[in-house]
Amino acid sequence: MIEVRWHGRGGQGAVTAAEILAHAAINEGKYAQAFPSFGPERRGAPVVAFNRFDDKPIWIRSDVYEPDVVVVLDPTLLKNVNVTEGLKSDGIIILNTSKKPFEAKERYGFKFKMATVNAMRIALDVIGIPVVNTAMLGAFLKATGILKLDSVLEAVKERFKGKAGEKNVEAVTHAYKETVLVG
Amino acid sequence: MAKRIALECSHAISLAVKLANVDVIAAYPITPQTHIVERLSEYVADGELDAEYINVESEHSAMSACIGASAVGARCFTATAGQGLALMHEMLFIAAGNRLPIVMAVANRCLSPNLSIWGDQSDMMASKDCGWIQMYGENAQEVFDLTLQAFRIAEDERVLLPVAVNFDGFYVTHVIESLTVLEQEEVNRFLPPRRKAKYTLHPDNPTTWGPIGLPDIQTELKYQLEKAIQNSKKVIKEVWREYGEISGRYYDVFEPYRLEDAEVAILMMGGHCGTARIAVDRLREKGLKVGLIKLRLFRPFPFEELVEATKHLKALAVVDKAFSPGGFGGPIFSEVRSAFYDLDVKPRIVGFIAGLGGRDIRVDEFMGLAEKVLRGEKIEKNYVFLQVRE
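Going down the list, the protein sequences come from chains R and S.
According to numbering that gives the first Met the number 0, the first sequence holds residues 0 to 182 in order.
According to numbering that gives the first Met the number 0, the second sequence holds residues 0 to 389 in order.
Please note that the accuracy of each hint is not assured.
[To be verified] Only pairs whose alpha carbons sit at most 30 Å apart, straight line, appear in this in silico DSS-like list of lysine-lysine:
1) S:Lys17 / R:Lys29
2) R:Lys156 / S:Lys2
3) R:Lys87 / S:Lys285
4) S:Lys2 / R:Lys147
5) S:Lys371 / R:Lys87
6) S:Lys2 / R:Lys160
7) S:Lys2 / R:Lys55
8) S:Lys2 / R:Lys29
9) S:Lys2 / R:Lys141
10) R:Lys55 / S:Lys232
[Unchecked claim] Chain S is nowhere near these chain R residues, computed Cβ spacing over 10 Å in every case:
11) Arg60
12) Pro74
13) Asn79
14) Val80
15) Glu105
16) Gly108
17) Val125
18) Leu148
The set of hints was computed from the structure by calculation and includes no laboratory data.
None of these values were measured; they are calculated from a predicted model.
All C-beta atoms, glycine included, are put in the ideal place defined by N, C-alpha and C.
Okay, chain R solo, but in the shape it has when bound (with noise of 0.2 Å):
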């Protein structure tokens, strides 16, 4: 089983980026969860959401408390947030900033491995508005290759439709060719 804890603030759409693996997943006939931190939710603060993977029914019903991946989708929330808590000693975190690999590593001093991505950038650049959620979705698939980048397009079409659904299609596409996996 591969269990992902998301930070984010309330608003960025960690819940949301959640729950379309969730979605992505069960359609490739595999078993998940995706589930909020059940805090009360205002933009801005630090906000928590769950998923579980595995290719048989998932019983547990429980917070994550050693997950394998992590996924932070704001850069400020490494300062007041213990986001690598419990991440398993051959786990990786996902982090979105506008450093280099390397550099962010060195910055925070993880020893964990890591992948990042400008997902600001590419929200910005792609999709007009500064939701990341979508652009680390590309990047956790990059950095995990446990689901398709196919399911997962098709649970994003699901849930924003038209317009907003191209726009964060390519947002998914864009960051997962530019998210940089290091050691």
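Using the hints provided, position chain S relative to the given structure of chain R.
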């Protein structure tokens, strides 16, 4: 086999209600229930469900509207949680006493104070004596199935009682996961339109419902309700069997897991049973004989079935997500202790109160409590608050 689809558990209930082709929905939004009725209002607005959606000003009114509509023969649904259920409390008794087959989903939520939107089972447990059939579901699949079954059970002429389908706030309500659903034709065969009951309010045939109950009749009325809900168990099992035949998913009053050779079993209701199952597997890997009983039917309480299935155990660890202040532990604990009182040889029955106000119950906590009971550790008064910081 039908394809698994992804749905939020709340929306699994909305879909079941749509497939049940209800006539009237009266509801007031409250976290963590809101998603159920939000989706239903969309179905109605989009013309996918031909029902009367009544936006009421409170939960008290929601139940009142359902009572009126059910009395004229409509198939009715509402949903609520926590404070909303508390505000409805008075009308719950009216629905049951007048034998109205209303179906309600309860997204179990902690009662204030302090203000808590998070889950536990204290809301329904504070209304456990309202005369409703009460079931608890663990996941999207189960709440979907229970909701469809609830209409059949409630409307059966041998039952005619309201049914509450309970599921944990957030830990179940807000989780997106997979389930298989029934096709409309399958549902139509399983759940035809509501049949006209013998007593139905109609202007052509005026009757009086719930007038003053003088002392010389009230005892008999209450006794009838007791008989009705006790007798419903037979019908509930019958409906579950039939549902199993069409869906492949067979339900019973509780669900045992690795129980046959167990020495100790955890017993609880709702979503956390899934986590307890993982704890059981890990304890088994350590060679410890632990099992699980997921209790599904709380009212009518399956006393005989439970005793029969668990009397071989050395101990039962009952986990309640509610308690009765000043009373004897949690409500499930009390029922289970009562169930075993007349037996000469019986398992030790220990109560754990946990998961209050949305606190997670982790796998290691389930393992810890089971090991405590397995070791025969002394627990004063036989029940304890598991997670409290003193």
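What's the verdict on Lys2 (chain S) and Lys55 (chain R), does the C-alpha distance respect the 30 Å limit or exceed it? 15 Å, holds
Lys87 (chain R) and Lys285 (chain S) were given as a pair; does the straight-line alpha-carbon distance stay at or below 30 Å? At roughly 23 Å apart (the allowed maximum being 30 Å), Lys285 (chain S) and Lys87 (chain R) satisfy the hint.
Over 10 Å from every CB of chain S: does Pro74 (chain R) meet that, or does the non-interface label fail? 27 Å, holds
Beyond 10 Å on every Cβ pair: is that true for Val125 (chain R) relative to chain S? At roughly 26 Å from the nearest Cβ of chain S, Val125 (chain R) sits farther out than 10 Å, so the non-interface label holds.
Is the straight-line distance between the alpha-carbon of Lys2 (chain S) and that of Lys141 (chain R) 30 Å or less? 28 Å, holds
Are all beta-carbon distances from Glu105 (chain R) to chain S longer than 10 Å? 35 Å, holds
If you draw a straight line from the CA of Lys156 (chain R) to the CA of Lys2 (chain S), is it 30 Å or shorter? Roughly 20 Å separates the two Cα atoms, so the pair holds.
In terms of Cβ atoms, is chain S entirely out of 10 Å range of Leu148 (chain R)? Leu148 (chain R) is indeed farther than 10 Å from all Cβ atoms of chain S, at 18 Å.
Given hint Lys29 (chain R) paired with Lys17 (chain S) - CA-CA distance at most 30 Å: 27 Å, holds
Lys2 (chain S) and Lys147 (chain R): Cα distance at most 30 Å? 19 Å, holds
Sort out whether Lys87 (chain R) lies within 30 Å of Lys371 (chain S), counting only the CA atoms. Satisfied, since the Cα-Cα distance of roughly 29 Å is no more than 30 Å.
Restraint status (C-alpha distance of Lys2 (chain S) to Lys160 (chain R) at most 30 Å): 24 Å, holds
Checked against the numbered hints given earlier, the structure breaks hints 10, 11 and satisfies all the rest.
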